[in-house]
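Here is what each chain is made of, one letter per residue.
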Amino acid sequence: MTRRAPLIVLVLLTFAVGCGLPAFDFSDYRSKAVSTVEETISEARTAMLAAELLRRDRTFAASAIVQLEDAEEAASGAVWDLAAVLPPDARSIGLRQQLQPSLDGSADLIARMRFAARHGDLEELGRLAQALKQPIGRLEGWVEATG
Amino acid sequence: MSLKRLFEVFLGVLTAFGGFVDMGDLVANAETGARFGMGLAWVVVVGVIGIVIYAEMAGRVAAVSGRPVFDVIRERLGARTALVNLVASFFINLLTLTAEIAGIAVVIELATGIDYLLWLPLAAVAVWLVIWKVKFSVIEKAFGLTGLLITVIAVALWRIGPDWGALIRGATSPTIPGNETLGTYAFFAIALLGAAMTPYEVFFFSSGAVEDGWTKRDLNLNRANVYLGFPLGGLLSIAIMASTAVVLRPKGITAETLGHVTLPVALGLGKLAVGILLIGMFAAIFSAAIETSLSAGYTVSQFFGWQWGKYVRPREAALFHVVVIVAIVLALAIGLTTLDPVQVTEYSIVLSAAALPLTYFPILIVANDPTYMGEDTNGRLLNTLGFLYLIVLVIVALATIPLMIVTKGGA
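The listed protein sequences derive, respectively, from chains A and V.
Each residue of the first sequence is one higher than the one before, starting from 1 at the first, in our numbering.
Each residue of the second sequence is one higher than the one before, starting from 1001 at the first, in our numbering.
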C-alpha cells in the first residue's frame, strides 16, 4: 500500500493539473480572460474572412457557412467558459464587467452572420461583419494594453 | 533502365509525394503556421529526414527479405517486445484512423454544408468498401495521385505573393512569438514530428512493398520513393504552414479547423481552387484512412502469424479482414462520440511521437541483421543517422506526456 502511495499522488496530481484547477486569484482570472479574448478574436476574424470571401464569390457558400458555424460554436463556448468561472475578487468582477459586453456582442454577431449566410443575405452579412469590427477592436485594444 | 521502368519509378515518386500529407499533417502544419509563423518549419525538415531514413530501411527489409518489418521484428526480437510494439502502435493507429475518417467527413461537410457526423458512417463504409473491392495498386496510385491536388496550396501562396525573404528568415532564424511559451513551442514541435513520422507510415510502406511484390530489383524504386517523394511531401507541408503563416497569423486567427486550410486558397485563387483543394484533401485523407485501416490488419496479423494482405483472396486472409473491419468500426464509434476531429488528430500525432522509439528501434536492429538482409545491411552513415534519430526520438518520447500536461494540450 505504502509503495503505491506515490503513484496514486502522481496520478491525482496529473488529473488535477490536466483538468485545470479553478481560478484562485486575479492573476489566474486575468489569464483565463486573456485566452478567452484571444479565442474570440480568432473566431471573429475567421468569420469576417469567411464572410468576405463569400461576398467576393471566392469560396463556396457551404464551406463559408461551415466555417461560420464553427466560429460561432467556438466563440460562444469560450465566452461561456469565462462566464462560468466565479470572479475571485472585486478586480476580477470589474474585469468581467469590462470584457463581457464585447465578448457577448462578438459571439452574437458571429451567430447572426451565420444566419445571414445561410439565408443567402450577403448584404446583411457584410453589414454584420462591419459591425463585428467594433467589439473586436475593443478586445484587441484590451489585449494590447494588457501586454 | 527501360522507359516503362522509368515511368514506374516516376509514378511511384508522385504517389509517395501525393500520399505524404494526411489529416495530421494538414492540421499540425496549418495550426503551427498560424500560431508560430515559420518558426517551426525546421521540425518538418527534421521529421522528413527521419521518415526518409527509416522508411528506406523498412522498404529495404521488405524488398530483401520478402517480409514486412513487423513480421521480422516479432521473429528477431521475440513475442514480448513485439507485443509492446503491437499494443502501442495499434492504439495510436486507431486514434489516427479515427482522425482520418472524421477528416473525410469534415471535408465532405465543407463541400456540402451537411454536418460531418452524418457523413461519418458513410465515410467508414466507403473506406471498407474500397479496401474490400479495389486492387492494392489502384488504391495506392489513384488516391496518391489525386492527393497531389493539394499542391494548389503552394500555387495560392505564390499568387498571394508574400514577402519570401521574411518567410525564409522566419524559417531559418526561428523565434518563439511573444504570446507563446517555450512549452507550447516544444509541444507543437513534437506534434509536427509525430505528424511527419507517424508509425503507420512505415508499417504500411513495408507491408505495401510486400503487397507489390518488391524484390532486390526494386531497391532503386524504394530509394526513389523515399528520397524524392517524401521530401516533396515535406515541401508541401511547409507550404501549408507558410499559407496560414501569411494569411491567418497577421489576423490573429489560430487555425483550429480543417476549414482554415481552405481560407488562404480561397483568398489567393478563388472558388475553383477551393474545389480542387477539397478534392485533394479528400483523396489524401481517404488514402490515409485506407492505409491506417490496412496497417491495423497488417500489424495484428503479422504478430499472430495469420495470412494477411490484399494480394490474396479475402477468404484466404479472413482474420486480417476481420481486424480491418473491427478497427474501422472502433474508429467510427470513437468518432461518433462527437469528439472534435481536430483534437483527436492532435492527440493522435502527439501520442505517435511518444511511441516513436518503439516503432523505429526494432527497424534499426532488423536492418542491421545480415540473417535477413544479407549484404544489404545499413551502411555506417545510415547507422549513425539512425542512431542519432533514435536518441532524439527517445528524448521526444520522454518529454511528450509531461509537456502535454503542462501546456494543457498546447492551449
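Simulated from the structure, these hints should not be mistaken for lab results.
Watch out, some of these pointers could steer you wrong.
Covered stretches of chain V (chain A as the covering partner; in silico rule of three or more C-beta atoms under 8 Å from a C-beta of chain A) [said to hold, decoys possible]:
(1) 1202–1209
(2) 1269–1282
(3) 1304–1312
Computed cross-link-like contacts, BS3-like style, restricted to lysine-lysine with a CA-CA straight-line distance of at most 30 Å [to be verified]:
(4) Lys-1216(V) / Lys-1135(V)
(5) Lys-1251(V) / Lys-133(A)
(6) Lys-1004(V) / Lys-1141(V)
(7) Lys-1133(V) / Lys-1004(V)
(8) Lys-1216(V) / Lys-1004(V)
(9) Lys-1141(V) / Lys-1216(V)
(10) Lys-32(A) / Lys-1408(V)
(11) Lys-1271(V) / Lys-1251(V)
(12) Lys-1135(V) / Lys-1271(V)
(13) Lys-32(A) / Lys-133(A)
(14) Lys-1004(V) / Lys-133(A)
(15) Lys-1133(V) / Lys-32(A)
All values derive from a computational prediction rather than experimental measurement.
Glycine is no exception: its CB is placed at the ideal position from the N, C-alpha and C atoms.
Need the list of violated hint numbers for this structure, in ascending order. Violated hints (numbers, rising): 1, 3, 12, 14, 15; every other hint is consistent with the structure.
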